[in-house]
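Number of protein chains: 2
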Amino acid sequence: MSSSRSVRKLEVAAPVPADIDIANSVEPFHVSEIAKDLNLSPSHYDLYGKYKAKVLLSVLDELERNDDGYYVVVGGITPTPLGEGKSTTTVGLCQALGAYLDRKVVTCLRQPSQGPTFGIKGGAAGGGYSQVIPMDEFNLHLTGDIHAITAANNLLAAAIDTRIFHESTQSDKALFNRLCPPNKEGKRKFSDIMFRRLKKLGITKTQPEDLTPEEVTKFARLDIDPQSITWRRVMDVNDRFLRKITVGQGPEEKGMVRETGFDISVASEIMAVLALTTSLTDMRERLGKMVIGNSKAGDPITADDLGVGGALTVLMKDAINPTLMQTLEGTPVLVHAGPFANIAHGNSSIVADKIALKLVGTGGFVVTEAGFGADIGTEKFMNIKCRYSGLRPQCAVIVATIRALKMHGGGPAVVAGKPLDPAYLNENVPLVEAGCVNLARHIVNTKAYGVNVVVAVNKFSTDTEAEMNAVMHASMVAGAFNAVICTHHAHGGKGAVELGVAVQKACESVNQPLHYLYPLDISIKEKIEAIARSYGASGVEYSEQAEKQIEMYTRQGFSGLPICMAKTQYSFSHNAAEKGAPSGFMLPIRDVRASIGAGFIYPLVGTMSTMPGLPTRPCFYEIDLDTSTGKVVGLS
Amino acid sequence: MSSSRSVRKLEVAAPVPADIDIANSVEPFHVSEIAKDLNLSPSHYDLYGKYKAKVLLSVLDELERNDDGYYVVVGGITPTPLGEGKSTTTVGLCQALGAYLDRKVVTCLRQPSQGPTFGIKGGAAGGGYSQVIPMDEFNLHLTGDIHAITAANNLLAAAIDTRIFHESTQSDKALFNRLCPPNKEGKRKFSDIMFRRLKKLGITKTQPEDLTPEEVTKFARLDIDPQSITWRRVMDVNDRFLRKITVGQGPEEKGMVRETGFDISVASEIMAVLALTTSLTDMRERLGKMVIGNSKAGDPITADDLGVGGALTVLMKDAINPTLMQTLEGTPVLVHAGPFANIAHGNSSIVADKIALKLVGTGGFVVTEAGFGADIGTEKFMNIKCRYSGLRPQCAVIVATIRALKMHGGGPAVVAGKPLDPAYLNENVPLVEAGCVNLARHIVNTKAYGVNVVVAVNKFSTDTEAEMNAVMHASMVAGAFNAVICTHHAHGGKGAVELGVAVQKACESVNQPLHYLYPLDISIKEKIEAIARSYGASGVEYSEQAEKQIEMYTRQGFSGLPICMAKTQYSFSHNAAEKGAPSGFMLPIRDVRASIGAGFIYPLVGTMSTMPGLPTRPCFYEIDLDTSTGKVVGLS
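Chain order of the listed sequences is R and L. Just so we're aligned: 553 in the numbering used here is position 553 of the first sequence, and the numbers increase by one with no gaps anywhere. Just so we're aligned: 205 in the numbering used here is position 205 of the second sequence, and the numbers increase by one with no gaps anywhere.
Heads up, a few of these hints could be off.
To be verified - Derived pair list, reagent style DMTMM-like, types lysine to aspartate or glutamate, alpha-carbon separation capped at 25 angstroms:
hint : chain 1 : residue 1 : chain 2 : residue 2
1    : R       : Lys418    : L       : Glu33
2    : R       : Lys189    : L       : Asp626
3    : R       : Lys200    : R       : Asp223
4    : R       : Lys50     : L       : Glu33
5    : R       : Lys418    : R       : Glu578
6    : L       : Lys418    : R       : Glu209
7    : L       : Lys50     : R       : Asp61
8    : L       : Lys184    : R       : Glu578
Worth flagging that the hints you see were computed from the coordinates, not collected in a lab.
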């Protein structure tokens with residue numbers, strides 16, 4: 001357990017400068033130095049410039065026999081719209097473990113969408129003295145994974161409309177002959193991918209000429225029901241005008257118009273596949289079995305039915321390798337995958353976590369963040385991600401702020417872009433105490449998985465000792481293993497040393513197996529109801545559409561999948577305005593959809609926007625390149 | 001002039017194996033070896049894996065005082081739909097110069113669009129024993145430049161529709177206040193980019209509060225005429241259903257629907273900007289002055305008016321660095337930019353050529369390919385690309401095949417996917433001789449620029465000596481410097497040694513300055529007419545729409561730009577069926593458009609498709625990943 005060579009300790013300034021100024025004040029180590037500290041040799045990674053490298057998945061095979069390090073997930077209480085610093089705490093904790101506590105540590109983070117970087121939100125690399133650097137490379141392009149997802153997603157979309165078009169203008173026989181053209185010797189043959197469809201149809205013949213006319217029809221005519229298509233196009237840009245569009249209006253498309261739309265790229269099922277896959281072979285299978293809609297007879301149509309599962313895998317072959325970067329204090333970070341936290345599961349990739357656990361080895365730490373509040377992020381981490389990975393966390397951190405707890409205690413609404421009410425700036429212990437019901441429920445829910453829970457109070461300069469003591473007391477009463485104050489935003493790793501020590505003890509003293517919230521072999525409704533109860537709901541109400549979909553997925557054989565709830569993160573309930581720890585409500589399920597390739601069913605609790613917009617004055621007004629230095633300016 | 005260390009000579013097999021099998025039979029050198037041969041140190045480039053590196057533009061400053069090598073452009077005669085092997089000849093010539101003639105050489109190629117790779121066409125890395133490797137990396141993603149273009153193009157598109165939307169719902173004052181929000185001290189200020197618009201409007205005030213209400217309106221309200229918008233969205237996928245679409249049909253867009261469409265990404269003006277820019281500063285200016293449409297008053301609206309020129313530059317900052325790869329024989333290749341050859345100028349980037357010329361130095365060679373036939377590709381290379389770069393080629397190669405010459409001599413139609421007529425497989429010297437009128441006109445036109453012309457006859461196995469002699473004779477009569485037979489497809493560089501020697505002599509003995517076909521300071525119509533005459537036209541007919549556009553661009557001050565004709569490559573004329581060397585026809589100009597940021601006006605001679613489609617059985621049916629080895633299979 002020798003000290004990493006690349007770590008640095010920060011000289012911090014007060015007041016804390018702007019994020020970009022802090023990020024630019026540090027000259028990053030060459031990423032090969034970061035890799036060397038993890039005992040990675042140049043054959044284990046591909047460089048992408050000086051500060052990014054893709055760690056090759058083959059490292060996993062090489063380290064197969066190594067023991068895993070400790071596995072820590074960072075979730076949060078129900079947040080305000082301003083965010084409570086979950087990413088920042090994740091980074092700060094790792095800086096503490098690596099640069100101050102002399103532990104091997106890897107931070108596993110999601111790749112942010114590029115869209116919001118130019119919209120309202122700005123970047124997502126942490127903040128203050130707890131950041132991933134270089135910040136511009138983290139927020140823009142990275143190593144091209146999201147671009148690969150966009151390309152793959154849209155190739156599949158093009159294949160769908162084109163196939164319907166070609167089926168509409170050709171006889172079964174002509175279609176079949178085009179799909180299996182004669183080779184130079186005049187002989188027709190099936191391409192490899194066609195055997196997947198033949199197998200699905202129960203046809204065991206291997207020569208095109210042996211198929212009966214009925215088999216030719218079954219094989220060649222997918223007969224996609226345009227109304228049933230759930231596959232949409234994607235773009236990594238905040239383009240609200242693409243939310244709902246009509247395609248096919250060109251004269252050559254002969255009137256085959258269709259209403260559809262674009263989502264932002266990170267909402268693509270392919271992003272969820274990337275996050276949940278465990279190997280190249282597994283990714284090939286998941287991409288091939290993604291369902292794009294149904295045939296008119298009601299059977300699911302997959303990417304492999306369209307002949308494109310292999311091409312999608314080829315487009316994604318480099319994306320499966322996580323990207324190595326570094327924190328401000330030189331500790332290693334693996335950035336990989338960034339699925340939506342509502343319609344998908346909001347966690348970074350399984351492969352990054354697996355590689356990281358082997359790289360840190362016994363006594364080391366992998367800290368991974370779960371998107372949204374713990375009711376969604378940590379729940380999905382446990383029941384979807386850990387279920388698919390087989391990994392077992394020892395400790396869950398819950399990030400809390402005095403600000404958010406006051407809101408849950410009954411404080412005035414917190415609105416982004418508007419000044420905070422004085423209630424949030426002056427001491428008010430009763431308000432904090434009242435709000436701790438929200439924290440307590442997150443602690444109880446999280447502890448039920450069999451992990452030790454550490455509460456991290458992300459301290460703001462206006463927070464008082466009495467307020468913080470109230471939180472720590474409430475945490476311990478609710479069953480937390482420990483609760484500590486952190487100042488990593490202002491002080492870097494040094495501000496999270498106490499958190500690091502608490503996490504270490506929590507990991508070392510865990511003594512239960514991992515309990516999932518629900519088994520997979522119960523019905524879709526039973527699974528939904530188990531999750532709803534963890535929110536405090538007394539029951540679930542299904543719309544007619546939801547009932548229909550549940551019935552369909554059950555009939556299609558998909559009821560054994562885990563559930564990925566699409567619910568607001570701003571309340572335990574479906575109503576964002578209900579703060580604290582609501583209970584006794586009926587959770588309404590508006591619709592139920594599925595990501596079959598990724599491997600989950602997602603019930604919609606309310607309307608989820610999957611394509612953000614740009615405000616009147618987007619962030620991009622400030623962003624430019626200093627062409628004399630080549631540096632990015634104005635990124636926040 | 002010492003031998004490069006990384007070159008290898010190929011062992012060739014007969015008959016020539018499949019392209020992918022040849023590509024996979026060679027283990028590429030680590031790209032750092034290729035870089036070292038060019039005297040590039042690791043500080044001069046960023047690695048992107050083991051076989052690709054981005055050469056940093058800053059190399060140009062370092063080598064400023066070095067002399068340039070010889071500059072060779074490869075064009076072709078008017079091709080058949082099967083292509084006559086221009087890329088293959090470009091690569092083969094370089095393999096000959098580097099691996100057999102002991103010359104420093106760099107091949108400069110366009111980055112292919114990813115769309116066609118999965119459609120009909122397959123990859124574009126050359127063929128046979130003259131290829132760029134690794135072939136899959138060349139054809140897919142490369143180093144993300146096209147993805148960066150897609151992101152930048154679509155950010156601008158989103159900014160346009162969103163701005164119109166926000167202008168439609170806000171008063172001038174509210175709009176202005178949102179655009180210049182108060183900072184923490186309550187003071188409003190302009191962001192840097194806003195001073196570009198203020199300057200354009202002739203407003204010299206620097207404080208928002210000093211603007212008069214009229215100035216507030218002029219500044220804040222772009223008043224874009226939706227009918228005038230020429231900026232379309234792009235995607236690097238063959239998605240015909242996006243050619244014509246309606247956007248804005250979501251309820252939140254409040255009925256602000258608009259008809260528009262997607263082009264394939266390489267048709268984006270940003271691709272043309274990348275190809276024609278000469279520095280980061282120049283790229284910033286070109287991106288900012290791209291015109292997306294007009295205000296209702298008829299004034300051009302630019303990316304900088306929308307506040308997004310800086311963000312576009314940030315998205316493109318790495319794309320400006322060319323990608324270093326290698327040929328099968330280990331000679332260096334710079335891959336950079338791939339603008340459409342019809343609506344844009346179809347040549348690889350100026351910066352790659354400039355860097356390459358410095359890297360090879362005196363006595364070395366840079367060979368760059370011009371898309372389409374020489375009537376379009378070489379013409380645009382000279383009059384647009386060389387005009388912006390200030391570079392001067394010494395030699396132009398014209399690639400010819402017996403097959404294409406027979407077609408021009410009156411042979412039956414050549415159709416992709418159908419067997420060749422026997423006329424093309426058996427000796428027919430008179431047919432070849434008759435077809436040489438096409439070659440002769442390309443020679444005369446190209447020679448007029450003041451370069452020496454070398455004809456490269458790309459030999460097929462069915463070509464006879466008498467046929468080839470006829471071509472060589474006709475070439476010399478038409479004024480070629482030399483004409484030689486090449487067999488680089490079958491033999492690699494060894495098959496192009498004679499071509500290499502001829503090119504070297506042509507470069508060494510050039511004795512005229514570069515003559516452009518037209519000066520810039522004549523009218524748009526005079527320029528169009530000069531180009532039309534080079535096609536053999538006796539005059540030009542303008543549609544009403546073309547007249548209107550020419551008048552508008554002239555009024556807006558853009559008449560000094562060079563002209564980029566959007567014409568079929570399958571004939572000198574506008575009619576693809578007219579082979580040989582037609583003359584006396586009137587060239588019809590259907591419409592006239594402009595890429596103001598890239599820097600050219602493009603008249604449309606006929607309809608140009610800017611979004612390809614997928615066939616019934618696309619290439620993707622064969623493409624898959626061998627998940628046990630991680631290798632791509634089925635790419636052709």
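* Asked: Regarding the pair L:Lys184 and R:Glu578, is the alpha-carbon distance no greater than 25 angstroms?
  -> 31 angstroms, violated
* Keeping to a limit of 25 angstroms between CA atoms, is the pair of R:Lys418 and R:Glu578 held or broken? -> 20 angstroms, holds
* With a cut-off of 25 angstroms on the C-alpha distance, tell me whether R:Lys189 and L:Asp626 pass. => 20 angstroms, holds
* Could you grab the alpha-carbon distance between R:Lys200 and R:Asp223 and see if it respects the 25 angstroms cut-off? => 15 angstroms, holds
* Would you mind confirming whether the straight-line C-alpha gap from L:Lys50 to R:Asp61 stays at or under 25 angstroms? => 21 angstroms, holds
* **Satisfaction of hint between R:Glu209 and L:Lys418, Cα-Cα up to 25 angstroms** => With Cα atoms ~22 angstroms apart, L:Lys418 and R:Glu209 stay inside 25 angstroms; holds.
* Asked: Does R:Lys50 pair with L:Glu33 here, judged by a C-alpha cut-off of 25 angstroms?
  -> 18 angstroms, holds
* Would you mind confirming whether the straight-line C-alpha gap from R:Lys418 to L:Glu33 stays at or under 25 angstroms? => 57 angstroms, violated
In terms of the numbered hints stated before, the structure departs from hints 1 and 8, listed from lowest to highest.
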